[in-house]
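Colleague: Protein chains in written order, with the numbering used here: chain Y, 326 to 442; chain L, 3 to 147.
By construction, these hints were calculated from the structure, which means they are not laboratory data. For glycine and all other residues, C-beta sits at the position ideal for the given N, C-alpha and C. There may be inaccurate statements among the hints.
Partial list, derived from the structure: chain Y residues whose beta carbon lies under 7 Å from chain L [to be verified]:
| no. | residue |
| --- | --- |
| 1 | D342 |
| 2 | A356 |
| 3 | A360 |
| 4 | Y363 |
| 5 | T367 |
| 6 | H390 |
| 7 | I430 |
In silico SDA-like pairs for lysine to any residue, Cα to Cα no more than 25 Å straight-line [stated by the list, open to error]:
| no. | chain 1 | residue 1 | chain 2 | residue 2 |
| --- | --- | --- | --- | --- |
| 8 | L | K134 | Y | L337 |
| 9 | L | K134 | Y | Q369 |
| 10 | L | K134 | Y | H390 |
| 11 | L | K10 | Y | R392 |
| 12 | L | K134 | Y | H418 |
| 13 | L | K10 | Y | A399 |
| 14 | L | K10 | Y | G404 |
| 15 | L | K134 | Y | L426 |
| 16 | L | K134 | Y | E408 |
| 17 | L | K10 | L | L141 |
| 18 | L | K134 | Y | D407 |
| 19 | L | K10 | Y | E414 |
| 20 | L | K134 | Y | T367 |
| 21 | L | K10 | Y | V416 |
| 22 | L | K10 | Y | V394 |
| 23 | L | K20 | Y | D406 |
| 24 | Y | K339 | L | V66 |
| 25 | L | K10 | Y | H390 |
| 26 | Y | K339 | L | K10 |
| 27 | L | K20 | Y | A360 |
| 28 | L | K20 | Y | E408 |
| 29 | Y | K339 | L | E142 |
| 30 | L | K134 | Y | T405 |
According to the in silico footprint, chain Y covers these stretches of chain L (three or more CB under 8 Å from chain Y) [said to hold, decoys possible]:
| no. | region |
| --- | --- |
| 31 | 5 to 13 |
| 32 | 44 to 54 |
| 33 | 69 to 77 |
| 34 | 131 to 145 |
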Amino acid sequence: MAIVEDINTSILSKALDAAVLRQQAIAQNLANVNAPGYRRLTVQFEADLAAALHGGQAAHVGRLHPRLVQAPHAEGNQGTDDELARLSEAVLHHHALVTVLNRRIELIGTAISEGKK
Amino acid sequence: MDYLQAFKISASGMAIEKMRLELTAANLANMHSAAARADDVYRPLRLQQQTVPLQFGQQFEQMVIASGGGSRVTGVTPLDVDARMVYEPGHPYADAKGFVAYPAVDQTAEMLNLNLALRTYEANVVAMNAAKTMASRTLEIGRPG
Numbered sequence: 326m327a328i329v330e331d332i333n334t335s336i337l338s339k340a341l342d343a344a345v346l347r348q349q350a351i352a353q354n355l356a357n358v359n360a361p362g363y364r365r366l367t368v369q370f371e372a373d374l375a376a377a378l379h380g381g382q383a384a385h386v387g388r389l390h391p392r393l394v395q396a397p398h399a400e401g402n403q404g405t406d407d408e409l410a411r412l413s414e415a416v417l418h419h420h421a422l423v424t425v426l427n428r429r430i431e432l433i434g435t436a437i438s439e440g441k442k
Numbered sequence: 003m004d005y006l007q008a009f010k011i012s013a014s015g016m017a018i019e020k021m022r023l024e025l026t027a028a029n030l031a032n033m034h035s036a037a038a039r040a041d042d043v044y045r046p047l048r049l050q051q052q053t054v055p056l057q058f059g060q061q062f063e064q065m066v067i068a069s070g071g072g073s074r075v076t077g078v079t080p081l082d083v084d085a086r087m088v089y090e091p092g093h094p095y096a097d098a099k100g101f102v103a104y105p106a107v108d109q110t111a112e113m114l115n116l117n118l119a120l121r122t123y124e125a126n127v128v129a130m131n132a133a134k135t136m137a138s139r140t141l142e143i144g145r146p147g
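Can you build the whole structure from these sequences, using the hints too?
Modeller: Here you go:
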């Protein structure tokens, strides 16, 4: 049945993974703010997803995974505010994804209960 | 998703900043402790930390999990600075020329360190709270209403 196992639910769960991993990367950056020579980490996923979708490779979406990208140079302890801004962004993004996923689950529930009537 | 990892990373960051704060407190507490010989005088302590690399691995082909991460203390070393010599002829520790050796604690640098440690600690607390919020929201998936 298409409504349960469609590609959107799988993308949503991957995007949730990406949001959680992004939070962990930011936690790592914040724990090492004062470590000399530390190169900050970012998580790349959305750009890969967009590239796969626009490139007409929707079949490849299932094999996409969030990945860690390390900055090429150490920047010193400049980025605390930037990290905190990106942290709130990750938390809000995660909240939005949970909401959308819940709507989809509700939809499946409606489909099941309407069938019973 | 393993949220324990996120808590561990932030906890290690908090522990490091707490230790930095303790060292600053020790440096300030010993600011005026004179010694009989210039070589014996207290030298301000500094913290050395090292990054524990964060890695993403895969489990069951679909799940991506994080491992490692955080920061750890590799050592506490005294700064290589000369004692601050103050002319106090009447002092019991005064040398032949009447100078007393005091620790070369830089109060401005210590206050800066203190603030830096405090703010970084707060940032780590924020990151941990974010992990907590995300974990509790994940529990809401599939809950009606």
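Colleague: Work down the list of hints and note, for each, if the structure agrees.
Modeller: Verification of the supplied hints:
no. : hint               : verdict
1   : D342               : 5 Å, holds
2   : A356               : 3 Å, holds
3   : A360               : 5 Å, holds
4   : Y363               : 6 Å, holds
5   : T367               : 12 Å, violated
6   : H390               : 5 Å, holds
7   : I430               : 5 Å, holds
8   : L:K134 with Y:L337 : 20 Å, holds
9   : L:K134 with Y:Q369 : 22 Å, holds
10  : L:K134 with Y:H390 : 23 Å, holds
11  : L:K10 with Y:R392  : 20 Å, holds
12  : L:K134 with Y:H418 : 15 Å, holds
13  : L:K10 with Y:A399  : 23 Å, holds
14  : L:K10 with Y:G404  : 21 Å, holds
15  : L:K134 with Y:L426 : 19 Å, holds
16  : L:K134 with Y:E408 : 17 Å, holds
17  : L:K10 with L:L141  : 20 Å, holds
18  : L:K134 with Y:D407 : 20 Å, holds
19  : L:K10 with Y:E414  : 21 Å, holds
20  : L:K134 with Y:T367 : 20 Å, holds
21  : L:K10 with Y:V416  : 18 Å, holds
22  : L:K10 with Y:V394  : 21 Å, holds
23  : L:K20 with Y:D406  : 20 Å, holds
24  : Y:K339 with L:V66  : 9 Å, holds
25  : L:K10 with Y:H390  : 23 Å, holds
26  : Y:K339 with L:K10  : 23 Å, holds
27  : L:K20 with Y:A360  : 14 Å, holds
28  : L:K20 with Y:E408  : 20 Å, holds
29  : Y:K339 with L:E142 : 17 Å, holds
30  : L:K134 with Y:T405 : 20 Å, holds
31  : 5 to 13            : holds (count 5)
32  : 44 to 54           : holds (count 3)
33  : 69 to 77           : holds (count 3)
34  : 131 to 145         : holds (count 10)
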